[in-house]
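In the order they appear, the protein sequences are chains A and B. For the first sequence, position 76 (counting from the first letter as 1) is numbered 76 according to our numbering, and the numbering increases by one without interruption. To convert, take the position in the second sequence, counting from 1, and add 209; that gives our numbering.
Misleading hints may appear alongside valid ones.
With a cut-off of at most 35 Å between alpha-carbon atoms, the simulated DSBU-like pairs for lysine-lysine come out as follows [unchecked claim]:
1) B:Lys228 x A:Lys121
2) B:Lys229 x A:Lys164
3) B:Lys252 x A:Lys121
4) A:Lys164 x A:Lys121
5) A:Lys95 x A:Lys114
6) A:Lys121 x B:Lys229
7) A:Lys94 x A:Lys164
8) A:Lys164 x A:Lys114
9) B:Lys288 x B:Lys228
10) A:Lys95 x B:Lys252
11) B:Lys252 x A:Lys164
12) A:Lys95 x B:Lys288
13) B:Lys252 x A:Lys94
14) A:Lys121 x B:Lys288
15) B:Lys288 x B:Lys229
16) A:Lys114 x A:Lys94
17) A:Lys164 x B:Lys228
Pulled from the structure, derived: some chain B residues nowhere near chain A, Cβ distances all over 10 Å [what the hints assert, rightly or not]:
18) Ala261
19) Ile284
20) Ser285
By construction, these hints were calculated from the structure, which means they are not laboratory data. Don't be surprised by glycine CBs; every beta carbon is placed ideally from N, CA and C.
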Amino acid sequence: MSTAAAAIPYTVDARPDTGLNNVKLGIWLFLASEVMLFGSLFAGYILLRTGNPAWGAGSELLSIPLATLNTIVLITSSVTMVMSWVAAMERNLKKLRLFMGATVGLGAVFMVVKGFEYAAKFEHHHPPSYSTFMACYFTFTGLHALHVLAGMGVNFYFGFPGAKMMQTDPQQFANRVEVAGLFWHFVDLVWIFLFPVLYLLNFGPPVSH
Amino acid sequence: MQHIDTAEQGDPHLHADLKKHVRTYMLVFGSLMVLTLVTVGLKYLHLPTVPAILVALAIALVKGSLVACYFMHLISERKLILILMLATVFFFFGVLLGPTITELNEINPIH
């Protein structure tokens with residue numbers, strides 16, 4: 001264990017009481033708070049939608065092909081992320097850089113596609129103020145895009161400047177990559193639910209006469 | 210997840226173990242892709258509102274579970290993490306449905 005790791009206990013070894021290292025427990029606690037953050041947004045969305053008899057058919061304003069492409073991109077990036085963890089476990093720096101680079105690149109593709117989508121909304125005069133649905137759409141996807149950006153930053157660090165740690169403390173480095181992956185997979189997971197809710201199921205009020 | 214130590218390159222046990230992981234990841238990847246296409250395909254079947262919502266959310270739930278169980282290693286994670294996530298799911302549904310259920314009387318019926 002390195003000096004830095006000794007200063008902060010249980011970054012690699014499991015704590016006897018929890019059976020986990022603190023890094024693992026910490027990221028899951030953070031993800032739990034993230035679930036509640038997105039949960040509160042979904043709750044607001046359900047309340048707004050069920051309470052609004054004039055809810056419009058919002059999905060028709062959105063591009064399903066672009067969102068499908070972004071879904072495929074994000075799922076693929078989850079696979080490259082998990083392959084980065086495999087590379088870290090194998091102590092294979094070249095492979096790690098390849099897969100981390102691909103993960104960051106796919107994140108960038110997602111953001112560019114999202115940028116095109118946003119630009120089209122403004123071009124067609126559908127800004128957040130257009131309807132409650134569009135306000136929800138921008139809030140959800142904007143918050144999600146911020147998470148993608150944050151994940152890209154972390155993954156870039158571990159894939160490139162921070163990868164030096166693979167030489168000095170490979171186990172702690174592999175743990176770090178795994179934890180970064182947990183965040184990235186969570187971002188993918190949120191999109192898996194956002195995709196049908198926003199793009200596929202917004203065809204007006206849930207009950208009609 | 211079950212604790213696996215990194216090892217020097219060439220360790221056959223570690224490599225065999227990771228190879229198994231990679232096979233699982235590829236299977237999950239294929240399943241996620243197929244389920245994504247099924248979700249999009251269902252949109253064009255123009256199902257009635259309630260079945261459309263239920264089917265799309267059921268597929269999303271399966272996809273989400275695959276990501277959580279295999280990519281996030283939840284399937285082989287320690288009990289403490291599972292308890293933490295179960296508590297989170299409980300509170301998530303509380304936050305998700307609580308406001309709507311308590312406000313049902315206030316919501317105007319749709320004419």
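Hint by hint, here is what the structure shows:
no. : hint                : result
1   : B:Lys228 x A:Lys121 : violated, 44 Å
2   : B:Lys229 x A:Lys164 : holds, 27 Å
3   : B:Lys252 x A:Lys121 : holds, 21 Å
4   : A:Lys164 x A:Lys121 : violated, 43 Å
5   : A:Lys95 x A:Lys114  : holds, 29 Å
6   : A:Lys121 x B:Lys229 : violated, 44 Å
7   : A:Lys94 x A:Lys164  : holds, 12 Å
8   : A:Lys164 x A:Lys114 : holds, 33 Å
9   : B:Lys288 x B:Lys228 : holds, 25 Å
10  : A:Lys95 x B:Lys252  : violated, 39 Å
11  : B:Lys252 x A:Lys164 : violated, 47 Å
12  : A:Lys95 x B:Lys288  : holds, 32 Å
13  : B:Lys252 x A:Lys94  : violated, 42 Å
14  : A:Lys121 x B:Lys288 : violated, 45 Å
15  : B:Lys288 x B:Lys229 : holds, 23 Å
16  : A:Lys114 x A:Lys94  : holds, 30 Å
17  : A:Lys164 x B:Lys228 : holds, 25 Å
18  : Ala261              : violated, 7 Å
19  : Ile284              : holds, 13 Å
20  : Ser285              : holds, 13 Å
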